[in-house]
Structure formats: structure tokens, C-alpha cells
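Peer 1: Residues per chain are reported as follows:
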Amino acid sequence: MPTILVEVMPKPEILDPQGKAIANALPHRGFTGFSGVRQGKRFELSVEGEVTEELLESARAAAAEMLSNPVIEDVVSVTVAEDQ
Amino acid sequence: MSEFNIDTVENAGATPDTDLPWAELGLKQDEYARILEILGRRPTAAELAMYSVMWSEHCSYKSSKVHLRQFGEKVTEEMKKDLMVGIGENAGVTDLGDGWAVTFKIESHNHPSFVEPYQGAATGIGGIVRDIISMGARPVAVMDPLRFGDIDHPDTQRVLPGVVAGIGGYGNSLGLPNVGGEVVFDSVYQQNPLVNALAVGVLKHEDLRLANASGVGNKVVLFGARTGGDGIGGASVLASESFDDAKPSKRPAVQVGDPFAEKVLIECCLELFHHNLVEGIQDLGAAGISCATSELASNGDGGMHVELTNVLLRDPSLTPGEILMSESQERMMAVVTPDNAAAFETVLSKWGVEFSWLGEVTDTGRLIIDWDGETIVDVDPRTVAHDGPVYERPYHRPAWQDQLQSAAFRTSAAAKHLPATAEELGQAVVELMSSPNMADKSWVTDQFDRFVGGNTALSQPDDAGVIRVDDTTGLGVGLATDCNDRYAYLDPYRGAQLALAEAYRNVATAGAVPLAVSDCLNFGSPEDPEIMWQFAEAVRGLSDACMQLGIPVTGGNVSLYNQTAGRAIHPTPVVGVLGKFDDVSRRTPSGFQRWADGQAIYLLGTTADELDGSEFARLRGHLGGQPPAVDLEAEKTLGDILINASRDGMIDAAHDLSEGGLAAALAEMSLRFGVGSRTSLHELCERDGVDPFTALFSESQARVLVALPRSEELRFTDMTTARGFPALRLGVVDAESGGIEVTGAFADGSFGISLDELKAAWSAVLPSRFGAVEG
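Protein sequences appear in the order of chains A and B. Under my numbering, think of the first position of the first sequence as 1, with each following residue one higher. Under my numbering, think of the first position of the second sequence as 1, with each following residue one higher.
I should point out that these hints are in silico values taken from the structure, not numbers from a laboratory. Check the hints yourself; a few may be wrong.
Here chain A is said to cover these stretches of chain B; the calculated rule only asks that three of the stretch's residues, wherever they fall, bring their Cβ under 8 Å from a Cβ of chain A [unchecked claim]:
#1 417-426
#2 725-732
Under the rule of at most 25 Å between Cα atoms (straight-line distance), these lysine to aspartate or glutamate pairs were calculated in the DMTMM-like manner [unchecked claim]:
#3 B/LYS80 with B/ASP748
#4 A/LYS41 with A/GLU57
#5 A/LYS20 with B/GLU683
#6 B/LYS81 with B/ASP609
#7 A/LYS20 with B/GLU345
#8 B/LYS263 with A/GLU50
#9 A/LYS11 with B/GLU354
#10 B/LYS80 with B/ASP544
#11 A/LYS20 with B/ASP544
#12 A/LYS20 with B/ASP315
#13 B/LYS219 with B/ASP446
#14 A/LYS20 with B/GLU267
#15 B/LYS263 with B/ASP446
Cβ-Cβ distance ranges computed for the label pairs, FRET-style [claimed, not checked]:
#16 B/GLY453 with A/GLU57: 35 to 43 Å
#17 A/GLN39 with B/LYS204: 48 to 56 Å
#18 A/GLU50 with B/PRO461: 16 to 24 Å
#19 A/GLU65 with B/LYS81: 34 to 42 Å
#20 B/ASP372 with A/SER35: 19 to 27 Å
#21 A/GLU44 with B/ASP30: 53 to 61 Å
#22 A/VAL51 with B/VAL115: 28 to 36 Å
#23 A/MET66 with B/VAL115: 53 to 61 Å
#24 B/VAL115 with A/GLY19: 48 to 56 Å
Glycine included, every Cβ here is placed at the ideal spot set by N, Cα and C.
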């Protein structure tokens, strides 16, 4: 069953409190060498059958209008992952 | 280090003819001319950024200043008695006794909440809380007066859930109880929601801090979150002024808040105060570093020298002008003596708060800001912070005002077929209580933590939020915010007084002695003389009423330009009143108690035919006429009665009559704990010369319902008689009936409303529009 993957990230110029908290925590656990962290999110939209261009377009629209908040987030990618 | 050219003071002197984007930054031609005159040369890009943002309406109060002066002028010595810090600082401070003081303030975050409801409302809480911290106080509670468009409008569907989640997300994370506020729906707020936020904090007298930079040689430090490109959307035009087309030109107009960073900042600041490590402190809100440096300097020894490249950045591509204007959240600026610098650093390291030393206090009378050693700002800080433009905007009474005021409800088509029989009146009460504005608001308030901290003694839906300050004595404060925009639209002078009267009454109804006022004045465009008249009238009304009630305005905020597509909101002067309890365990709750079966119900005050602007008129789609009469002397006497009755333990429940009149008050007192009542309107109608419909739905002021044990009736009525205040026994609390029964001069006997049915209708309104609460 194919899956459409949508990746959303906070806009680069916007504060990302989660990423900041992780960045602060990393060295405490001994993970050094990372100068910053930003945390986004990934959506997996399952599809019964084939992913048509129409369906992909619908996923893009959903990504832009609903899965992301266009004021503070960017849709980074909308891709198709085939059966694992 | 810079990827862009820097417009230095030297460069500005050498290139007088460079065109600057002053108009794009919102400056008027004459304002720009004044900057040229003040500096004697063209401003640098950084100076222009500072002046433009500090001279904006939001920061300079340039349209409202001439009117706001009345809050400082109409003050008696008596009113100043408990006032430790008045208007002009981050928030006013009032003495509570026993070495305690309290500070509170209300602000608007309307526009950001419209653009991005969650973050806008969240950062509204963050900003007002930092105002409280910067006075040296520990924040103890917040409140949110909210106004949205029509409940069924799609924009309300978008804005309300985000705003509510944002307030909860930020306030709950900070561990601050949200103890009240308002939720109002009206189509005038479509595309222009009002998101006001109030915070209250407590401090010991010796912890009081002010925003000034005194002591030459003292060090200036910026601490908290790093500076990013937040909230400088409008300033992006400066990017082109940095002569570098390659850099990102689009900056976000919104800020994202981090409540956990703010929580750490609160504790860190309180420890700094405890060890007396800061001389002056200021939070960074609107206008960011521009505001903090110019205000600290001009309130202190008059000078400051700062190296801007020392500011810790989240985004290294920011230009100096953008750094000066950034509204990144969770930042503070402080002045520290060189001797305390090491101890200061120790406290900040303990809390894991980042900081950077920016410069020092001077006595030169100049605010000098360098970029990598080159001077980019050289100004008299007073000209930035205090001597901005002041406008005497023209104003006049709108031509339509007379017509509006003569369109009374009684004579309108909406008043045909008013409910008269018992059955019709009973139905009207249910219809009223299931209208959006009277309906149960717990869909909203259940998303806020009301009891965190363990010091909440009363909260929504009681008349006031009550917070214990000292758990050894029970010393505490009561707070209420109110405004009826419909009254204010009909008559802004009286409407503002009515807002104050209601907040005062609510605080007294809970049993607190009213002490101080904070106001958030939400209006349309000051460039419209009719709106400006509304504003002028509201300020005049509020300041007159404060003087009469003897409680001072200690601070607040003005929000103008609340209009969309040329349509302004109703004038909305939201008034917050703070009162004092010697012991919060004496507070009076608003609902009939189950154990209080058979207690007597008294109505205090008199009822006139005042339905203009009422909730009943709203049900019939009518808005016109004259708002209810204001009688501040009656409010004072009523307040005294309620405070004494609470202190002496005479009454077990009290609820003020406001929107929806007696009908709403009776319903709300029963809905609170599901305990019914039996009352009669006979005597009331006869004494006041009104019909049962008017008795139920009129919104006459200075009225309160109380419930008291029969053993206290005599003592209580002796007190009201001694003060010459009308009190009438309406009936009794009935814990068994499960309903509200009202008799009166109706042809068909009495009406009874089942509490189960009323509750179902009343509590279904918000969930039916907004669905399940999203966690």
C-alpha cells in the first residue's frame, strides 16, 4: 500500500521551542558537536491502490492548507513512498 | 563579520541626500521632518528603525496621550493613599498591607491573534506576564477578556479555538491560574477579534523594581531568549536599506512564544530580585531593544552606550535595524553594578538562561549604539521614548448618535409581542440563557487551568477571580474585568462608566474592597473624528467615574485601528478592577448552595424600565436608545453592604445583575450548583412600578441578588435600612425542586423551569459550534 509522505518544518526565521529544548539537552546526554536542532513533522497519508497525480495534488493542497500552518511553517516536501 | 554594509552616523552625515523608507515604516512626512530637526542630519537606518517603531501609535500613544492625562489629573490624595507606583511604569503597584503589594495590568494582543490565533494569544499572555515580573513581582494569575465575531461566522470558527488553545497552552505551561475574563460574540468583532490579557503579581515592598538605568558605569545586560526576526514583518523594508539584495527580505510578522523559557525567566528574575542584583529592569515587548534601551536610559541617568554585535542572535542575517526592532519573546534587559556582575552571572548560569553584556550606563544624555565599534545610533533617548509626536486629533459627536439614542427598544418593531404570560416569560428566560452571549462558557474556561498553585479561592463563573496572597493570614485579591460594548456604542461616556461600575460591583460582590483600576481601551481608527469622539468620551467618563468611586487607574493599554474594511468595532473600554480581601476565606460565592435550602433570597437595588442595549434587545436584533443610568453613589453603598456582609459572614451567595438582568442572575445562581429557587415578582413590580417582563429583563444597574440564612435576615436588613439602600425579599432557595419557579402578576399563574432542561440548553451552545475540546 503506497503512502504519501508530507514533511513540514517551522519556517527558518521562526523560533522553534522544541528544537531549542532538544539542542540544549543533547550535550547533557553526551551528544556533542551539534550546533543546532530544528524539529519538524512528517505525515504519512495511506492510500488504497495507486497514487494518481490527482491524489498527489490533493495531498499537496492538504499539506498547504491543513497539515501546515502557513503563517509559521513551510511544507518541505510531498513525496510518494512505495510498499515497504 | 557583517554581510551587509552598515549605515553609520558618520555615513549619514556624509550622505545627507540618501532616500530612506520612512513612509513605508509608517512615519508621516512631518514626523520625519521632526527627526531630521532633532538629529540635525538624516537618521541612520538603525535610528530610523528606532524612531519609526517607538513613534508608532502602539508605543507612543500619540493620539490618545492628550486624553489619557485625565487619569493622572482626576485623582485625589485619598486615591493615592495605597498607590506605590502609578501610570507610566510597566504596571501600577498598590499596597496591600502587611508589607505586601500587588501589581496588575491589562493589555491587548488583538492584531497578532487575528493573524495567528494560537501564537498571538499565547504571546499576549507572555508579554503581560513579563510586565508583572519587571516590577519585581511574582505573577500569580491571569485573566482574558475575549471578543469574537458572530458565533456562526467562519472567521470565529478559525480564530476562537486557536486563541483559547494559545491562552491555555502558554498560561497553563507557566503554572498560572486563569481566573476569569469574558467571552463575547458580536458581528462587530468579525475580522477584528479582541484578545485582551490581564496579569496580576504580588511582591514584598522591598522587592519593588523600576525600569531605569541609573549609576554611571553600571552594566547593561540582555538575557533570556536569543533575538530572532520575530514580529518585524513591517520592518523588512529596511533590508533593502542595508544595501544587500541577497539577504532574506521577508520577515515574519508573528512571534512564537516558549512558555517553558518564560517560566525559567520568571524564577531567574525572582532570584535576582531576592539577592538584590539588579538596579533597574525592563521586559522586551513591542519595539524590543529600541524600547528597552531608550526607556531605561531616559528614565535613569540619561545615557547608555551599547555594542549591538554583542546581542546573541538566533538568526545571524539580521541587520542592526532589525535587531533593534525584533519582538522576539522571553527577553529582559537589566542594569547591574560591576560589583554584582559575577553574582548575576552565577544566578543566570544556575537557571541556564543565556545573557550578554551589551554596554554601560553613562551620563552623557545620549543613547549610543555601536556596531562592531562604529556608531550607528547617537540620539537623545528622551526624543525616542518620551518626546514622540502628540496629536490633538479632531473629534466630534457622530451625526448618527442622536438618531441611535432616540431609537429606543420600547418603541421599536422589535418590542411588539413582548412575553407577558407566565409561559412566554419562562420560554424567554430559556431563550436568553441559551443565546451565545449568555450561554455556558466552560468550553473556553475548561481549557484554562483555574486552580494550579492552590491559591485560587474563586474563579469563573463566579463574579470575580479570587487569589490568596499570604497563606498565613488569608490576605488576598479579587479581580474582575468587564465591558458592555453595546452600552458604550450607545453612549461612550456612560458606557465606560458602566464598565467600571460592573467590574467594581463584581469585585465587591465577591467581598473584596475595590482598590485600583487597569483599563484596555479598544477602539477603531483615531483618524476618524467620530471614533476619536468615542475614545475621548470613554476616557472622560472613566476618569470621572474613577474619581467618584475613589479608585485610581494604575495603568493599562490603548488599542486603536481596530477596524476592518472601514468598519470599526464598537467602542470597547475593558475595565479591570482589583480589590483586597483581609481573608479570602470570607469570599462570597455566586451560586445557591445545596446545604442552603430554605435560605432567603433578597434583591438589592431598584429596577427601572431599562431595556435599551440589553441582552433581551439583542435577542430581538435591536440596538438603540440609552444605556442604563449610572449611579455611582448607589454602587458605592451597595459595595459597602456586600463587603460588610461578606466580612461578617451574613450571606452565603451573591451575584450581580448585569447582562440579562434578574432573569439571568436567578438562572446563573441556580445553574452554578444545580440548586433551584422559588421567587415572586409581585412586590418588586408593585414597589418599582414595572411589569413582570421588565422586572426580569431590565438591566438597571447597582443591583445584586443575595442568599442568606433566616437567622441573618434581621441583621442584614437592619444594615441595608441603616444605609438607606432598597432590599426586597424575593423568595427562597429550594434545593429539592430542581427548578426555578417564579410567580408574578401573570394571568396564567407561575412559570417553572426545570434546571436539567435549562442546563442542557445553556451548556450545549459552545460545544455545538466548536465541537469537542482538542487536547
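Peer 1: So, for every hint listed, does it hold in this structure?
Peer 2: Each hint, compared with the structure:
1. 417-426: violated (count 0)
2. 725-732: violated (count 0)
3. B/LYS80 with B/ASP748: violated, 56 Å
4. A/LYS41 with A/GLU57: holds, 20 Å
5. A/LYS20 with B/GLU683: violated, 67 Å
6. B/LYS81 with B/ASP609: Since the Cα atoms of B/LYS81 and B/ASP609 sit roughly 39 Å apart, the hinted pair is violated (cutoff 25 Å).
7. A/LYS20 with B/GLU345: Holds, at roughly 21 Å.
8. B/LYS263 with A/GLU50: violated, 49 Å
9. A/LYS11 with B/GLU354: Roughly 23 Å separates the two Cα atoms, so the pair holds.
10. B/LYS80 with B/ASP544: holds, 16 Å
11. A/LYS20 with B/ASP544: violated, 50 Å
12. A/LYS20 with B/ASP315: holds, 13 Å
13. B/LYS219 with B/ASP446: The given pair, whose Cα atoms are some 45 Å apart, is violated under the 25 Å limit.
14. A/LYS20 with B/GLU267: holds, 19 Å
15. B/LYS263 with B/ASP446: holds, 22 Å
16. B/GLY453 with A/GLU57: 35 to 43 Å: violated, 51 Å
17. A/GLN39 with B/LYS204: 48 to 56 Å: Given range 48 to 56 Å: violated, Cβ gap about 41 Å.
18. A/GLU50 with B/PRO461: 16 to 24 Å: At 55 Å between Cβs, range violated.
19. A/GLU65 with B/LYS81: 34 to 42 Å: About 57 Å separates the Cβ atoms of A/GLU65 and B/LYS81, which means 34 to 42 Å is violated.
20. B/ASP372 with A/SER35: 19 to 27 Å: For B/ASP372 and A/SER35 the Cβ distance comes to about 22 Å; the hint holds.
21. A/GLU44 with B/ASP30: 53 to 61 Å: holds, 59 Å
22. A/VAL51 with B/VAL115: 28 to 36 Å: The hint (28 to 36 Å, Cβ to Cβ) holds, given that A/VAL51 and B/VAL115 are roughly 35 Å apart.
23. A/MET66 with B/VAL115: 53 to 61 Å: Violated: the Cβ-Cβ distance is about 18 Å, outside 53 to 61 Å.
24. B/VAL115 with A/GLY19: 48 to 56 Å: violated, 23 Å
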